[in-house]
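K.L.:
All chains should be built: construct the whole structure from the sequences, respecting the hints.
Quick mapping for you: the protein sequence lines, in order, are chains A, B, C, D, E, F, G and H. So for the first sequence, the numbering used here puts the first residue at 58; every next one is plus one. So for the second sequence, the numbering used here puts the first residue at 58; every next one is plus one. So for the third sequence, the numbering used here puts the first residue at 58; every next one is plus one. So for the fourth sequence, the numbering used here puts the first residue at 58; every next one is plus one. So for the fifth sequence, the numbering used here puts the first residue at 58; every next one is plus one. So for the sixth sequence, the numbering used here puts the first residue at 58; every next one is plus one. So for the seventh sequence, the numbering used here puts the first residue at 58; every next one is plus one. So for the eighth sequence, the numbering used here puts the first residue at 58; every next one is plus one.
Bear in mind the hints are in silico, worked out from the structure with no lab data behind them. Be a bit skeptical, because a hint or two may be false.
Said to hold, decoys possible - The calculated PhoX-like cross-link candidates involving lysine-lysine, where the alpha carbons are at most 20 Å apart (straight line), are:
1. K172/B with K158/B
2. K78/G with K78/A
3. K155/H with K78/C
4. K158/F with K78/D
Stated by the list, open to error - Chain G is faced by these chain H residues, among others (derived, beta-carbon under 7 Å):
5. Q124
6. T189
7. D214
8. R222
9. G268
10. A269
What the hints assert, rightly or not - So these bits of chain D aren't anywhere near chain E, every CB distance computed over 10 Å:
11. A99
12. A118
13. A122
14. Y267
Don't be surprised by glycine CBs; every beta carbon is placed ideally from N, CA and C.
Protein chains: 8
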Amino acid sequence: MQGMVMKTEIKEILEAVRDGKVSVDDALLKIKLQPYEDIDFAKVDLHRAVRQGVPEVVYGAGKTAGQIARIMDVMIGNGQEQILITRIDSDCADELNKVHKVTYSRWARVAYYGKKAEIHGVGKILVATGGTSDIPVAEEAAVTAEYFGNEVVRVYDVGVAGLHRLLDHLEDIMSASVIIAVAGMEGALASVIGGLADCPVIAVPTSVGYGAAFEGLTALLSMLNSCAAGVSVVNIDNGFGAGYLAGMINRR
Amino acid sequence: MQGMVMKTEIKEILEAVRDGKVSVDDALLKIKLQPYEDIDFAKVDLHRAVRQGVPEVVYGAGKTAGQIARIMDVMIGNGQEQILITRIDSDCADELNKVHKVTYSRWARVAYYGKKAEIHGVGKILVATGGTSDIPVAEEAAVTAEYFGNEVVRVYDVGVAGLHRLLDHLEDIMSASVIIAVAGMEGALASVIGGLADCPVIAVPTSVGYGAAFEGLTALLSMLNSCAAGVSVVNIDNGFGAGYLAGMINRR
Amino acid sequence: MQGMVMKTEIKEILEAVRDGKVSVDDALLKIKLQPYEDIDFAKVDLHRAVRQGVPEVVYGAGKTAGQIARIMDVMIGNGQEQILITRIDSDCADELNKVHKVTYSRWARVAYYGKKAEIHGVGKILVATGGTSDIPVAEEAAVTAEYFGNEVVRVYDVGVAGLHRLLDHLEDIMSASVIIAVAGMEGALASVIGGLADCPVIAVPTSVGYGAAFEGLTALLSMLNSCAAGVSVVNIDNGFGAGYLAGMINRR
Amino acid sequence: MQGMVMKTEIKEILEAVRDGKVSVDDALLKIKLQPYEDIDFAKVDLHRAVRQGVPEVVYGAGKTAGQIARIMDVMIGNGQEQILITRIDSDCADELNKVHKVTYSRWARVAYYGKKAEIHGVGKILVATGGTSDIPVAEEAAVTAEYFGNEVVRVYDVGVAGLHRLLDHLEDIMSASVIIAVAGMEGALASVIGGLADCPVIAVPTSVGYGAAFEGLTALLSMLNSCAAGVSVVNIDNGFGAGYLAGMINRR
Amino acid sequence: MQGMVMKTEIKEILEAVRDGKVSVDDALLKIKLQPYEDIDFAKVDLHRAVRQGVPEVVYGAGKTAGQIARIMDVMIGNGQEQILITRIDSDCADELNKVHKVTYSRWARVAYYGKKAEIHGVGKILVATGGTSDIPVAEEAAVTAEYFGNEVVRVYDVGVAGLHRLLDHLEDIMSASVIIAVAGMEGALASVIGGLADCPVIAVPTSVGYGAAFEGLTALLSMLNSCAAGVSVVNIDNGFGAGYLAGMINRR
Amino acid sequence: MQGMVMKTEIKEILEAVRDGKVSVDDALLKIKLQPYEDIDFAKVDLHRAVRQGVPEVVYGAGKTAGQIARIMDVMIGNGQEQILITRIDSDCADELNKVHKVTYSRWARVAYYGKKAEIHGVGKILVATGGTSDIPVAEEAAVTAEYFGNEVVRVYDVGVAGLHRLLDHLEDIMSASVIIAVAGMEGALASVIGGLADCPVIAVPTSVGYGAAFEGLTALLSMLNSCAAGVSVVNIDNGFGAGYLAGMINRR
Amino acid sequence: MQGMVMKTEIKEILEAVRDGKVSVDDALLKIKLQPYEDIDFAKVDLHRAVRQGVPEVVYGAGKTAGQIARIMDVMIGNGQEQILITRIDSDCADELNKVHKVTYSRWARVAYYGKKAEIHGVGKILVATGGTSDIPVAEEAAVTAEYFGNEVVRVYDVGVAGLHRLLDHLEDIMSASVIIAVAGMEGALASVIGGLADCPVIAVPTSVGYGAAFEGLTALLSMLNSCAAGVSVVNIDNGFGAGYLAGMINRR
Amino acid sequence: MQGMVMKTEIKEILEAVRDGKVSVDDALLKIKLQPYEDIDFAKVDLHRAVRQGVPEVVYGAGKTAGQIARIMDVMIGNGQEQILITRIDSDCADELNKVHKVTYSRWARVAYYGKKAEIHGVGKILVATGGTSDIPVAEEAAVTAEYFGNEVVRVYDVGVAGLHRLLDHLEDIMSASVIIAVAGMEGALASVIGGLADCPVIAVPTSVGYGAAFEGLTALLSMLNSCAAGVSVVNIDNGFGAGYLAGMINRR
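P.N.:
Shown next as structure tokens:
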């Protein structure tokens, strides 16, 4: 990052200037070198591609296929080999496919360019849902986690009103490295799983439900009040955020 | 009730008038006969005492010991033999005791005058709490239910984060006639019990918790969204309402 | 339920193992025998069909006719003879009818397969609405209650602003076994009925109204604060939940 | 009012200037003449005293006895003979009494200086409450209405859960000129009275209740959604506003 | 009303029975005579038509032209000569016109059958709006008030941000009998008018605005907190309620 | 303004009357002279055109092209040479163009008639956005500010999650005269910019985001709580308001 | 600031290193030089004192007199000559006075050390309040603005319900450079002033009011929806923020 | 856990029964063996002590010193050697010390019995706060994390309004294993840190702030909407939850 070049980098540059290896103007230029590219409607970050070798992510909602394609152009042109695009519908993915070859996951509404990362996460990430309507959000989480190199176990439709279905997966729950609990309505799944598991639980409230579910607000509040320790919460329907964070934790 | 005397009663009175057994003025008086007594600050209902033989209830919050005593005077003077007073502190109960002998339950903040009703409920009412802080509300429910003639089983501190503690009472849950699930925080207890039991579950959200518990609002919303069928909800901290309703159901 | 086989069942199985009547593997299998079937997008519960002989329920909202048909396939294949499908529109019901013969109630947006249960409830369930717009929710409750074997009395459009219309049904109200009070706007119907009746009242707030009705929130809050004892509340527009619970209470 | 002298007044002044009856400076002065007096912490309105002969009102909350006394000094010094002070406790009233003789109503937390206005309202104002805890707000309304020259009928503790108590006052309700319906909790009283009465109903939500009563919010929302025509609402606990408005309507 | 026949009526009937002028069964029948007619989806009130000679009102929202026509059939068949239908679009009004001749006000979305009432209100009702977008709600109020026999003065687009436009109508404001202040956004119009006028002000918040206007909630809260005495509030966009209430007040 | 003619103006008129230079009726007429024109659905303000020589603004939302054209007719007919129309779509702008020649900015959804004002603001107004989805609101602000004669610097897509992109514009931030910070989601941009800049920061929350973004409410609350001094907030998505206010400040 | 040393500074340092005027380590040290001092519980910013010569501000709420004194020690020790301390009560100020001589403004709950800044603002800042209870917040704003070198005009108790009191200050309003409008309850003052003034208006909602005032929320929302252009809003009761921002604008 | 004994355990027990090694009753008993002890007011979990060798936690809020001591008695009596007690004040800790020797951290309001766990976490946990008022919550997190065997780095008072203070700790941020970001008001700290760090960030909203901070709600919502990936959120003021979860993640 140019604006806050870390101290070590500053020191290196200073030493290079002192030693006459780098001119003042070149040094300044080096510091100014922008790790993003400014296109019409966006500033495309390139540093992850360049420095970390990890996939770059494009949030597709509200962007046209044309805009996404143009962002991908810049990224690919800068050497990025893996790009994940979230929140895009199948029409947009089809459109995109004409320009850059992507793999599309209909349920997760996610497309990716390039190969998935090799599995390098230490353990397994378990993705559980309370009902069938929560699956799209769960798939966004699962596909994201897989794309970033994690093994994912899916346990869907195990809401607490039918506790036997959940308990039937007790071994999966107890052996998981990270758990993503996806639920709408009253969101009790997070607390019950949080009480059974001994690993971090990322709770994802969904907008599933009606009436006093208030578009996911109830599940959100419920999960924040979980009586089980080890539970934290992301935004309503934020499958990507949960999948990305789970991968981060699993990498430790 | 005078204002809405039922049709059969009207017919009887009319026939009595026609047959000369009752004068017009007496008939009118009969209809006007008030089933409550108007004292300074309250209209004391007497019809339950008179007609139904069940205990009368006084909501003590915001009333002085003197006011409660005066209401009791009227009731007792009209033949009422059993009175339940809710939401009173021990000082008020002590004060009351100087006038009318009452039994006080410190945890439930409930006092009663006269004998408890004979147990006449068909089955058992199970009162469960998520944590220890929910116990005062649960006791208000339990004492109320007992006072109205029901057998009560207490299962406290069985929150869903320690599912084994709850499942250990599976037999109690499955054999209950009605269940009162009392919980604050995320209120998941109601859903889990609702999924296990095959009887009506009355959920009582409590104001236990902090932050995003919002004084019981989260538990309330969560319980209203219970994914288990057979669950209904009463107001936050409304132990009396739950106990009374449970007794009503258990009487069927 | 496998995961939480009740103690008596465990004891029976243990005794059978000890007595050599059941092999260890068979015993384990027996315990493992899953009372649900896992299909692509759902885990279909079968235990009610098998054990309790009561109708199974499918929540239709958000499911395609194809998905519902497939869930019904599994249920019927496992011997289930009665299935209730809620929240489906007439097109979906027509589609369903091509595969499995169902009876559709347009107003209630409910379909059922197989015969209604015989009337076995003890008393009558009264379903009342404040206005005409509340009728769809009321019908969902009424059809559900009927389907589960209860006699239902409908008293519609008896909002408290025209008290005479409500009081004209005083006898129905006073002789009911359970009452379902369905109302939007200010939801006062529940309190007034709760004050007149001597049986449990299940209040169903509806999303009927505009402005400060806030999609049913006002009716919900109002009903939770009912000054009448014996009233409990279910989610906004949750006719099914009320009908099912009313049946449960009426069965006692 | 100086800043917006009405057109007729402007015309009169112009004509007086033209006719030489008033100098330009005097005319300007006349227009500038301030109908309020600016004291340290307040601008004391005097125009009502001067022009309309009606009592002036001081909102006592948050003011010391000394400040109220000083405001009264200015008013009385300008010829005001009747002053109503709302929201003051008895200590403050005692303090005030040492300076200006006032009559204090403990329940209403209202004091007044000078004589009450002669009864000049056309009809009667009925003030009804749902419970006994609503009485202080009701008394603020009643005392205000009386002070401004209206006859008031009090009907307290007639909540809709005991409909017979309300219906027993049907004649009072039907013969009232204006009705003030004061209720907390679910606030259903306003709708029921609104359905019975044929006069304007001013609904006053109170902060009475607990849990989901949300300090009067539920009663407020409920009253705004009243299904009865002719009902309007004032702020939570605003007894003065209701009493003042009722008097205004009764004067027509 | 049968269920709550007033005492005087009861007395008259009793005397008639005693005097042999009316048989018991006829008396009972008389009391039972229902002042409403029960049609499929609604209970059509007839008592206003019969007793009070005032127009009847049909709330059109959510009803088909066919349903409205049928309700009108019943009313007209019972002698009702004036019917107001609110919240109907022009297509529905056209449809209605084929059955019963109605006059339609496009802006107010209101239709009426029969003649408007003669002007019998004492004074004038002033209807003011903050902006042009508030006009439909204001027209619903104005047309309603006119229909019930009141003279209406319209003062539109006089929001407080252009105070001169409002003050230019000072004479209208000061001579009005009742004022209806219709405004969205911050709803300040009600307070400013309330401070200028000496008559009851009915504030109608509208859902006009965006962002933190929250569909009228901000205007609603603002109006409830009006610092001017004499202001009361009805539901968001409730033009009919305001117009009806204003007429009620103007009739005194 | 007629209704509140300032004192100096009153004095001048009075002197003219006294001196016989103006008749009483003419004086009154002069005072009455309306600085707005009343057309069917709106009161078109003309005083800015006449007195201040600044552009007039028409809020286009909810108005037809025909209505806007008619308002423009009145304004142009009264000598107004510059008119800004906000919140109109391109179809409406096309329609308008047939009557009055306007320049349309698609992204900002803003059209203007006449020339932009000359740049007369002292410094530069910086408009920054957190993401690309915030750009339409930012453009509404930028085009407005430019139209009122300010130089605008756009810095888009500099959300705090990529701090280097923001810090890269540190010089722009530090040299700005006023900054408009436009952001949805958590709205942190305003605080970070507020901490860096030494000029007034106008924060504009946008409805960008999903779930717990609550249509801009979260960004709004966040911005109001900014820990940086010098930050104030306008309504959600109110680009015009921010642009207009920024111009006002820049003019000082 | 070390972490984001501006480019020009970096260039200067680089040139100095190249020219041998500064060693690499000294250059790094220079960059690292911290413009704040870290004491136990706080990081005391010193850069304003050093670089800008303007007063430093300490937010006193929640800090003991001892902690504030210690922060002042650090500041004064670093050459700071003017310090403003907000939100402190008189006891705390007395305590402080024993260590550092401060001037205390009881109404504003503000203390300052050192001399007020010379008046250097261009115009006058007008501070207006709706009522007398808003004065403490207004004084916090006024004293802050004065302290930072601005002339302040106070116009208190000019709420819109008594418009004449506000209009009487029309000249002050129209000649102000910036206006701070402080109001609770419905907060209409901001809109009315915004419509009269031609300068930026900073609206400060206060927590004054009761019931549906919701501790300032209603005033806040109302002000955000102001129909007048040029109005922006700060947090509830944030007098300091308004005063500081007003000074910033007045300095332009 | 009896109710959900895992399959492998069941199989082992079954085999032991079959082989005659365990009687049926003993087997049942074994399954029933309760891993908690039921005391009067609580069910004390013992399984962590027994099985996992990790410290047990007691939530002290709302419990008397006596109750806490009794819970500790049971735990210590069952071999627990480390107990953490959260949310207790110093008086309670003093009281506790008379029975069981505990170490008390005044700022964190946390006490612990026994030795802290050895440091076994892989990396460092960084705990950052926006201001000084957030420190108590941060300390609860820090002490908890340390107690569970993690190295903790504290970086307090680095709110985003003074970005240089935060950036000065860039190396700490970039080398942390997990970060706990504690902030009230607008909670922007989480987003900024989330954008700088490449490790999981646990955001803890605090109730610090006033007005529209709404007791932490604004910070909570803001953090949930963080535009930075890798951020999740716990309940308002839930320092313990964050510290515990951070330890869990750091252990991977």
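K.L.:
Quick one, are K158/F and K78/D close enough, alpha carbons at most 20 Å?
P.N.:
With a Cα-Cα distance of about 56 Å, the restraint between K158/F and K78/D is violated, given a limit of 20 Å.
K.L.:
According to the definition I'm using, a residue is off the interface if its beta carbon is farther than 10 Å from all beta carbons of the partner; does A122/D meet that for chain E?
P.N.:
holds (23 Å)
K.L.:
Given Q124/H was flagged as interface, is its beta-carbon under 7 Å from a beta-carbon of chain G?
P.N.:
Status violated, d = 30 Å.
K.L.:
What's the verdict on K172/B and K158/B, does the C-alpha distance respect the 20 Å limit or exceed it?
P.N.:
Holds. K172/B to K158/B sits at ~11 Å (cutoff 20 Å).
K.L.:
Would the hint on G268/H be counted as holding, given a Cβ-Cβ threshold of 7 Å to chain G?
P.N.:
holds (3 Å)
K.L.:
Given T189/H was flagged as interface, is its beta-carbon under 7 Å from a beta-carbon of chain G?
P.N.:
At about 5 Å, which falls below the 7 Å cut-off, the nearest Cβ of chain G leaves the hint on T189/H intact, so it holds.
K.L.:
Going by Cβ atoms only, is D214/H closer than 7 Å to chain G?
P.N.:
holds (4 Å)
K.L.:
Would you check whether R222/H satisfies its interface hint, that is, whether its CB is within less than 7 Å of any CB in chain G?
P.N.:
The hint holds - R222/H has a Cβ within 7 Å of chain G, the shortest such distance being about 5 Å.
K.L.:
Taking the minimum C-beta separation from Y267/D to chain E, is that value above 10 Å?
P.N.:
Non-interface label on Y267/D holds, nearest chain E Cβ at 22 Å vs cutoff 10 Å.
K.L.:
Against the 20 Å threshold, does the CA-CA distance of K155/H and K78/C hold or violate the hint?
P.N.:
Status violated; Cα separation ~59 Å.
K.L.:
Verify the interface restraint on A269/H: the C-beta must sit less than 7 Å from at least one C-beta of chain G.
P.N.:
holds (5 Å)
K.L.:
Closest CB-CB distance from A118/D to chain E, is it above 10 Å?
P.N.:
holds (13 Å)
In this structure, the hints that do not hold are numbers 3, 4 and 5, in rising order.
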